[in-house]
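Chemist: Heads up: the sequence lines are chains A and B, in that order.
Taking UniProt numbering, the leading residue of the first sequence gets 1, the next gets one more, and so forth.
Taking UniProt numbering, the leading residue of the second sequence gets 1, the next gets one more, and so forth.
Careful: at least some of the hints might be erroneous.
What the hints assert, rightly or not - No more than 25 Å apart at the CA atoms, straight line, and that leaves these computed lysine-lysine pairs for PhoX-like:
(1) A/Lys32 with B/Lys520
(2) B/Lys254 with A/Lys700
(3) B/Lys520 with A/Lys27
(4) A/Lys133 with B/Lys236
(5) A/Lys126 with B/Lys236
What the hints assert, rightly or not - According to the in silico footprint, chain A covers these stretches of chain B (three or more CB under 8 Å from chain A):
(6) 244-253
(7) 378-391
(8) 486-494
(9) 521-527
Don't read these hints as lab results, they were simulated from the structure.
Predicted, not measured: the structure shown is a model, and the values here were computed from it.
C-beta atoms are modelled at their ideal positions from N, C-alpha and C, and glycine is treated no differently.
So you can see what is in the structure, the chains are spelled out below.
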Amino acid sequence: MSTMSAVKPSAGPEPYVSHASLFETAKRYLTKTKSQELLLRSIILIFVYLLAFCIRLFSVLRYESVIHEFDPYFNYRSTINLVQDGFYEFWNWFDAESWHPLGRVVGGTVYPGLMFTAAILYKVSKFLTACIKLRDICVFTAPFFAGNTALIAYLFGKELKDMETGLVAAVLMAVVPGYISRSVAGSFDNEAVAIFALVTTFYLWVRAVNQGTIASAVLAAFAYLYMAASWGAYVFISNLIPLYVIIMFVSGRYSRRIYVAYTTFWAVGSLLAMQVRFIGFNHVTSNELLSFNGVFVGLQVWEALVFLRTKLGTKQFGQLLYLTAVAAGAVGAAGTAILVLSGKLNPWTGRFWTLLDPTYAKKFIPIVASVSEHQPTTWASYIFDLHVLVFAAPAGLYFCFKRPTDGTIFLTVFALTAIYFSGIMVRLMLVAAPAFVLLSAIAISSILQSASKELRAPAAAETKTSPVATRRGRGSTSNEENITTKKSTNLIILGLTFLAMWSYSSHSIWVTSEAYSSPSIVLISGWGPHRVVLDDFREAYYWLRHNTAPDAKVMSWWDYGYQITAMGNRTVIVDNNTWNNTHIATVGRAMASNETEAYKIMRQLDVDYALVIFGGLSGYSSDDINKFLWMVRIGGGVFPVIKESDYLANGDYTVSSRGTQTMLNSLMYKLSYYDFGNIMTEHGKGTGYDRVRNYEIGKKDIQLDHLYEAFTSEHWIVRIYRVKDLENRF
Amino acid sequence: MVRLTHLLLASLLALASSVLADNIKLQQVDRKISLNSQFVRITETVKVKNVGNQVVSEVILCESLGGDAVLSSYKVVETSSKNVLTVSSATVAGAPAEAACHSVNLAKPLPAGETVGLTVTAVLAKAQIPYPAELGQHETQLMLYNGNVYVLSPYSVSSQTTEVILPTSTVKSYTDEKPVSKSDNKIKYGKYDLIKPFTEKRLSVHFENNKPFKHILTYVKEIEVSHWGNIYVEEKYEIKNAGAKHTGSFSRLKYAHMNLKANSFRDLKAILPRSAHSLYYVDLIGNISTSNVRKAPTSTVMDLELRYPLLGGWKVDFTIGYSVPLKGFLTSAKSGQRRLTMDLSSPLEDVFIEDMVVRVVLPEGATNIKANLPYDMEKSFDIKYTYLDTTGRPVLVLHKQNVAAPEHAAKFSVDYDFNTVHILREPLLLVGVFFALFVAVIAYNRMEFTITRDDKWEAARSKEVLATYMEQIQALLEDEATILLGLARATNQVREASEVDTAQREKTTVEKRLKDLEEKVKPLLAAVESRSVRVGSQVRDVLDKARLLQSRYFKQLSDRIDLVKKGVALNEISRKLAPAQDALNAAKRELEGTIMTVFGAY
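In isolation and in its complexed conformation, chain B is listed as follows (with noise of 0.2 Å):
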């Protein structure tokens, strides 16, 4: 269905064309064809002129394609204006098979008798052809570029010339259409005048260029956001060099010593964000230890060296990988919504991508996610599970082929809403496993796995509820010492008359709470004594001496008041006490250690 309608507009377009085609000429056409590098970069200013008596607000322009080249990119801009002009292609009656045509909207349509002044960018890879196709180690590089002398168009062009610009002035052959002029390393050719449409004339250059054909097969890009404070950015990359084919032997010695490098290539270089850290370079086989990374005022500048040189035809795959804060590349507005910014195309300079595919992988909970492209890409989604992940993340697949590297570089956005509460998706699911695992701990040591419960598991038994007994005891003779201690601060805060009806009060309290734990402590001893006489009677003297250690804080006590009463001097009260405060202190070491041999194994 999609294509059908395609058709009909193509057909559609092809009749509109023809029949604009008597309205519309090209005055003048200046093109530079420069070959200097593994791209064709075309430029032409075009002076469009409606000699028809209608309004036009449509332009075709056409650019020749031979063989495998492809139309990387294309741009047409309005020269007076500078206004980018938007382009789609489009199929023109009569054009040749190479010719590519693109049907350009001007900004404002073009009254009769009018002209426009247009300059168009165009970027054609694969467009130069290694000629001879294989090469040995010490050779130089010859390419092939195959063009139209004449610029094709479905209007008539009443003068045009073209500039071919090349990387040396070492040119094997050139078409000789007259008047052609060579200066150095530049091909001239016009002007001509009044050439008519689609007139085909072939243009073939034979040239050296030992420029380095860097291709990039597949480029996968991942760029993962943590709301956390991170976004980590993964590339992998398969690489060729597109030249001539290496042929023959590779010598070391030649190559390293007699820097005979012919077309081959090791260095590459990647222009990271300034922020950039935690950078990594390797490929399946562990890191390449040979790049080098500087900071740069506005960016960190990565070399990488390959692995080994890439001569002709050679391949290899690697992976750089860093990370980025979000500040910079991660802004939200109140209502949660979220806008990541960051480059779309690969930081390479000068390399051709065949294949470029860009995941944004967004956090669990990211929904309404929107793609702002500087160029038509296909989009499509996916799920990626990672750390801690119960859903998996959402990804936006952003896919392109024929990517150039300095064309093509452009910042994106993705805009997305995001609730903050997700962010603790990750930590709580880790709390939650380990508080499931700790329940089932608890769980599993409550349960009881014996078969045959037979004389010595109930031993193990009786011993086990003893020692919950014991405990329970030391439990309480803690609590004890604990309130014991509480009447020893009492004690000594009694300075004056006047504090003593405090002290006294204190003092009930206490008795009342060791009464009442002389209560809870004896079911406790009946308890381990049925089940043990001998501990039994050592937790009774435990419990003996501890009452004895009481009796000896009470008096302490109550001979204090007495002194103070009496309106003894503190220090004197504190001689006075003295001894029998060493034999408390001694008495209750002499508990402390007891208790730790009676209860210490539970």
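So that you can see chain A by itself, here it is in the shape it has in the complex (with noise of 0.2 Å):
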């Protein structure tokens, strides 16, 4: 019966079956330490994997299965047009109904992996006759690859120290909150399954450089693929490698298995990436990727002068390193220098600065700076994403440097950097928490064992070297007493570690259950009988699905482009993929105007439809008011007429009745405030109280000549108005 042989022996003795009955041998199964051992390591795995699900699930607790926020919108529309016409045609997706009149290449300039992933596992739930919705498909992406990273994480750091500290790194990473979020149920970004590519290309990565085969170098390559398909960030990979390579180089730890994983990676890498159409040959040219490109080849010259010195002599070696290094700086100027002319090598991107200069952003790229999530992090944010961590990773630093090997030194690579970038913009925690994770699950898991080891050594001597002890007389007691000391000391480490875990661990729900779960198309206040539901997004874009023309264009301030568009299923003139800063700042002109200029505007766009978010009645802050110096400031950048100056009153954007009057006419400002200024919105203030900015509004008689009142969703917070055909003239 417990015969569990996979190979049989060929021509061996007759195999002994025991007698046993099936109680028995489960039972004898059972008592042994080392299926005990599986079985843990099996049961903890499996409920860290339910754990990183579940926590994620709070959205849709809270709230409902539903897409969050405004990206996912596009990923999710953009799964819906993979799914119905296929992955062929998703490439040559030209969509028509953003950016009118430019439209968007969709196939070009995607990152299509996410939209893959979820359509493919449509597909197999279909198979497999599942019937899931493609909603929910896609709303349970992300913690669904939330608990494939935990598991990758424990084979992270498997790889990187043992299996203690894989187990320990699982559950810090099926918790950590900078992950959760953005990847909480309904979070359909790229981000879902882009930490999970990034997390298994360094594994895979460390993996190759541990064993130096070309076949694990080739398995990382695939792991690059994904990411590169996934997210842009691909780049911290194809920039960290070559970092790494040539840290080791330079402190004498370059060895051959490290130079056949690189040259295997990038060959692979670089052709694999090279098929997603939005990097194509990027890859090859781009500044973003010298580094990767430059490593690689640096590494073949060394190899190079390495084999050639075993063949010649000194005096000859010599000679062909000289003239080597003369040809190689000749050729690399003149490559350098054509490639810049003919356009080749592209120019340093803005992006590139904004990570190494913080406050490049904010001086030259009005755009980028707009987005709250571009903000450098405040060290608030660390505590509250991070938790105990921040003070863990530290401490496992100094596990790292105690006995650095290839992996270790990897690792804290890949945390320096992600540390760095974390600290320029809010978004980048996401990278860091990865780092975070691994470096904490190190020191937690150094701690406990060697704290557990010393708990357990100390009783075994006792029981043996007692006898000897008692008759030995007065100097063993201060030994016991030693032993003792040591004892509590190690109890007190296990209990604050264990307390730490705890705090951790209740820290993560709480910001998750709080924080991370709203999906912010829907609003809810209050508990029970007391709670207040703010559906007004969908109420007024599903008014837009339903009783407006269907090729009717829809002008708003471009955080809403990629909703209206997927929820709304109408034309916009900008949307959040903000490609073209010329078009975005034409309407945050045509916001920043008064209504006659911004009519012109209007008809030149071909608007049908201008959507504004206001938020004075219900008290909901982030609204278009409150947006309105980002539409001043891109629109003033391209058209000087715009100036923020006009709009400052004392050096403050306010709409009460200080207010400067290009301000009050503006055509933003009469979007929202139209009819505001004859209802009462609390008690003891007089009418068009504006409850965001807590002061009555300067202009309340409001007067509309080229747009009326469309629609007007139940609490004020969506306003659409009709922009108005030309007079007749006869």
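Work from the hints to combine the two standalone chains into their complex.
Modeler: Structure, rendered in structure tokens:
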């Protein structure tokens, strides 16, 4: 019964078959340490997987199974398209419903990894006759991949140090708030699968370095393909790995394994990544990937020199070295010159500078600076997103430096760069989270291991030495004292670690349920009978979908573009893709101009409806009046007619009676506050009291000449205006 | 072919009626036209007299349908017996284009000179036309109804009256055909005497009607039966406000704060079965968070609010769904025949459905499907693939146009044969798939995918083979431990001299079995030694220890037997044997420790 042999001895003795009953066999199996360890480990991993999945379901339980926020709506819409038209057609998809009248070549300007993933999951579930709706597939993609990431963290930890570290890493990864923030159910964004791809690539890369085989490096290259297909941050990988190779080279740890791993990874990884249409030949020509390609060339030259040195004498080798250096310098300079002159070598992009100089965007690219997730990170958000890991990670660095291996050096490089980038943009906290998790896992498992080892060791020693100790008399007391103090110290260490883990997990759960689970298209406040649901966005978008002409064009600030096309199914002028700054500036200009000027722009852009978000009645603070400064700045950046100073009253964008005339006559002001001057919003305040800005608005009697109110949602959050046709001239 | 016979039939009927026309006279017709909703509801009490000399079994009755109006429901009841009579549509020669005529089969043929009373109820939809067709947000809605002042009939009518009931007393204009009187919200025409067949005089009323015109453009209801205990119902609606079209701006301020709602509506009410659970109310972009559910004594009431108020001409779509248990809806006969009884039409109150499709999805394996319907519907069949389906589920598709909400609310039933064995199809499928998966994994593990068999491969393989031997030896040692445990138990049971024999017998069998194991372990040990001398010696060490332990057990037994034979008291025996027992236990623990270190890795 207990012969579990996978391979039968071919000509060996007769196999022994036990007579034990099934129950007896199971009991014997379970009492073995090895199987107990396996059982425990698998149970922990299964629970970690479930935990990673379930903790992200707060949003579904609190709200509903719905796609969140802005970008996920585009991804959802693309996925629907992908499923309907097929994978091939998707590459050719020209979206005429956005960026009117320009349109957008979606197939060539999108990272399709997420949509392909969801579409494949959908097809598989359909094949298995599981009949899951596409929307639910999209909603649950992120939690599903979070579970996978936790498992990869286990493997990574195992590869870096040992199995225990892997387990700790899996647990920490499952609930790290920095990652949860972008992977709750409904958050159908690139990052949902990209973090999985990122960690997998790093894990497979470390594995490739450790093994030094071609097969392992090819595997890493495929993970890199998935990353490149999913998120623009693939550039991080293709810069980090060369950086790591350079550091290994400089520190004298370079080996043939690294050579094999890097060369294979470069060759296969580049070819694969170039298959993504959005990347294409950028992978060779882009400056962002210069180090990736340069290090490859450098490694080849180095290996060639090493090879030649073994074949040639010292003198000849010296001459050769000189010649090669001169030739390489000349060829390199000429090549760079040709590439720059022919325009093949792209200039350093704004994104690059933003990453090096945190203040760059604020000064030169208002459209990047206007996004809240592109702001520099505050210390508070480190604690909020990483909690205990902030303190555990430096300890992990200590352990990494104490006994450096190829793997831990990679982790160190990864962690230090990720920490730097996370300081520049809040969004990149996401990349730093895995680094913090792995470092902390090393620290925590090292501490736990040493503490529990010492706890166990004296206990064994005590029983053995006790009869001897009594005979020895006085000498033993100090020894015993020593043992007990050691024991209590270790117990305290264990207790503190437990406490830290406890507070970490409760913090994660709290953060997830309170901060990261709101879909932001439906707002709920209060509990039970006092629950107030503000479902204005969907109300208005659905109205657009059913009660406007199918080819109607809607003008709104770019934040709402994706939502309008996905939920309202109507053409928009600008959307969250922000690929054309001038077009966005035109919309900004229209919103900032007076009605007559704006009407001219809207006629030119073929606009049928203008849509604004207004929170003055409901107290919804991220409305268009609060975003107005960006419209002015972005509009003014392209069209100097718009001057920021015209809108500022004492350096303040106010719409109260202190506000400037330009401000109070702007289209945005009129559309937001039309009819608002006639209602009382709060007791004891006059009419037209704005509940977000907390003052009465400056101009209450608003007349519209070229537009009229077409729809306003229940709590006035979304206001849609119809642009009138030209007056009949006869 | 079918059309030809229809035509033939119609012309025959027309012929018959024209022949019969002289034989029948309508003595008295009292008609009520209710315009108090989006429908036009007409009730007529008719006294039919056979004035000819032949027996009459068929009477033709007509209604006037102006414009786009459609006849949604038409019912004729014999006044005295309350019997519902069968009705079929008919074409009558000489009838005006707007007349919709029906031939009514009398329950009893009407002999010459006799009279019979009939009550006709007709529901007309789209018979009220908004006039003006467009409306601002603050204006009240005016409707125009066009009919005929006189009852359209192929027979002459001796005496008739018509009463028009309006929602309010506000009337802009109405046809003035004397004698006519208006009081409050009623207009009375007649009485008119001796009206010739098909006399036409347009009856036109222009009046205020702010009642919501809830038109459901398409309605698809899907009923899915699972014999595991659930009936799942999903209803998809596309609804439109068919009143006067909204024009100009929509001011939320006026709508909410000044209560200028005109002909708009937002509320719907659905009456669902009492046992309904797991309700939902969604549309394409997620939940619609404005709804309320309460349990009434006999029903579950769902108060729905649309995503946004529907002003005239505005549209929206939504989906509601719920589940009910089988109990009360599905009955089964012994022969395997089942009957599903459900509501046929929409659970919404006061709506007009232009196009209704009811899909009944029966479980896989259902055959012999028959529908019992309260009224005529188009029938067809379809197949649906859903959870774990292989051959697909049979779907009965029922289709009808122009359905009015209260009039067409009725139950229907579907009979089908279903063998209970089919219920196991899906679990068995799952079991099968998992079984196949495990078999595949087992097969994969036993396959060899190595391309080159180099030294590394040889070493790994040798290690694997060694591991199988080690596992076997370990199993053998565990068996030995179990046998020895049995021996220990037998030892403890020796309390009197008479029990000695049993113990001796037990000892013999144990000895034999141990010897047997000893024989079996030899070739295994040799095999291990041939692969690794180091491991071999370790195993040999373990086996030596095991043998020593065996002898201790036997010694313990023989000592005890000796003592019992001498007649020593039991507690005395335990005391005497205790040191040896301690030593035995220590040896056992040591052996277990050694086994763990030697075999733990395999």
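Chemist: Work down the list of hints and note, for each, if the structure agrees.
Modeler: Outcome of the hint check:
1. A/Lys32 with B/Lys520: At roughly 23 Å apart (the allowed maximum being 25 Å), B/Lys520 and A/Lys32 satisfy the hint.
2. B/Lys254 with A/Lys700: This hinted pair holds, its Cα atoms lying about 16 Å apart.
3. B/Lys520 with A/Lys27: holds (23 Å)
4. A/Lys133 with B/Lys236: Roughly 16 Å separates the two Cα atoms, so the pair holds.
5. A/Lys126 with B/Lys236: holds (22 Å)
6. 244-253: It holds: at least three residues are needed, and the stretch 244-253 of chain B offers 6 whose Cβ sits within less than 8 Å of chain A.
7. 378-391: holds (count 5)
8. 486-494: As far as the stretch 486-494 of chain B goes, the hint is violated, because 0 residues have Cβ atoms under 8 Å from chain A.
9. 521-527: holds (count 5)
The structure does not agree with numbered hint 8 stated previously, though it agrees with all others.
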